[in-house]
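These protein sequence lines map, in sequence, to chains S and E. Mapped onto numbering that gives the first Met the number 0, the consecutive letters of the first sequence carry residue numbers 0 to 218. Mapped onto numbering that gives the first Met the number 0, the consecutive letters of the second sequence carry residue numbers 0 to 218.
Honestly, the hints are just simulated from the structure, not real lab data.
Taking lysine-lysine pairs in the DSS-like style, the calculated list, with each CA pair at most 30 Å apart, reads:
hint	chain 1	residue 1	chain 2	residue 2
1	S	Lys199	E	Lys199
2	S	Lys60	S	Lys28
3	E	Lys27	E	Lys60
4	E	Lys199	S	Lys178
5	E	Lys178	S	Lys53
6	E	Lys27	E	Lys17
7	E	Lys53	E	Lys105
8	E	Lys178	S	Lys199
Protein chains: 2
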Amino acid sequence: MSELNIKVYSDLMGANRKWADKTRDLLKKTNTALINLIGSPGAGKTALLESTFKALQGRYKFAVLEGDVETTYDSQRLARLNCPVSQLLSGGSCHLEAKLVHYALKDLSLDELDMVVVENVGNLVCPAEFDIGEHAKVAVLSITEGEDKPAKYPLLFREARAVVLTKLDLAPHLSFDLKSCLSFIKGVNSEIPVMQVSAKTGHGMEPWLEWFTGLGCKG
Amino acid sequence: MSELNIKVYSDLMGANRKWADKTRDLLKKTNTALINLIGSPGAGKTALLESTFKALQGRYKFAVLEGDVETTYDSQRLARLNCPVSQLLSGGSCHLEAKLVHYALKDLSLDELDMVVVENVGNLVCPAEFDIGEHAKVAVLSITEGEDKPAKYPLLFREARAVVLTKLDLAPHLSFDLKSCLSFIKGVNSEIPVMQVSAKTGHGMEPWLEWFTGLGCKG
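Extracted from the complex, chain S is given alone in its bound form (with noise of 0.2 Å):
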């Protein structure tokens, strides 16, 4: 008899989407939006979120659901903004599923909340495959990563509703080619827009609070 050695999964993908499923229902009976933030380790996810935070405090509310494969180094600079923050961490797996991400915003109160954003693992390839019930993925790209990065990982930037480009404080001691890289993404997802920030210095950061903001409000 030979020997057998088989692993039997059930449907992963199938199982992920019901749950985004559920925490799609979930948004639309509480009107909260839910941002799905993708970019490479040290892409300044964090960062970005600082000065979102800062920027709208009082007149916007939204909270944050920190994804790490460990620590809670992350939310800990959130909450010391008094962001609310929850922190996911993903157990040494490379992306958030949504089962995670619909418990975490189930104990949130939606309600009163605008938004919420999850800050996925940091990680350009896998986040992009998982469905989280999002109302939108957006890429976060420091321009530290190099130009060419929206060709070699595409699926992000097909999957994406807005790209972000961080770190724009740097470019003078850097040879990034912002052209050729603004090509690079419209050579993926021709209409997707393309914001250009610096959260250090909170260079064009306007444009991004709007579409931020854009994508609802309880007002």
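Keeping the supplied structure of chain S fixed, place chain E upon it in accordance with the hints.
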């Protein structure tokens, strides 16, 4: 009758391991070293290889297997220097699997090479989980990514035999805390050597080249 929606996989990790074992046999036979270079998108892996090739050209023989989700941009960069290079496209996957690496290795004249370097897909999470038969994983971390990455993505730093901190030339323009980064690395892997380099200026390349060539040389 209930609808069944079941996918069956054979043991993927086991199959991967078998190909990695075949690669280990092959490398032993030809006395060739294999490095698995892992880091985020834009961490400077290709730039490090460009500088390494230029410095060792003529006295040490290595070839590169360039791993990418899409495009052949990185292999073009190395080919322009006359560095022997093959492009490995992961087909959308977030890491390279042992089988693909094995077939690419078999196409090289390993007898004539001191080493082969695999530049894995840009990703700080998944590639660390997949054995490709390498003698050493090397973690490449750009200082633009922030000092806390070794704590947030610990698996790679635990598995690696060396860490290369890159883009040191940008230090004056960043608030990167080197001391704290080194302590995060030590917290995960107390014995690992950490080399600080700037491929752009050549700063710190000597200790790296020494470590790199120390892995094996036929000459």
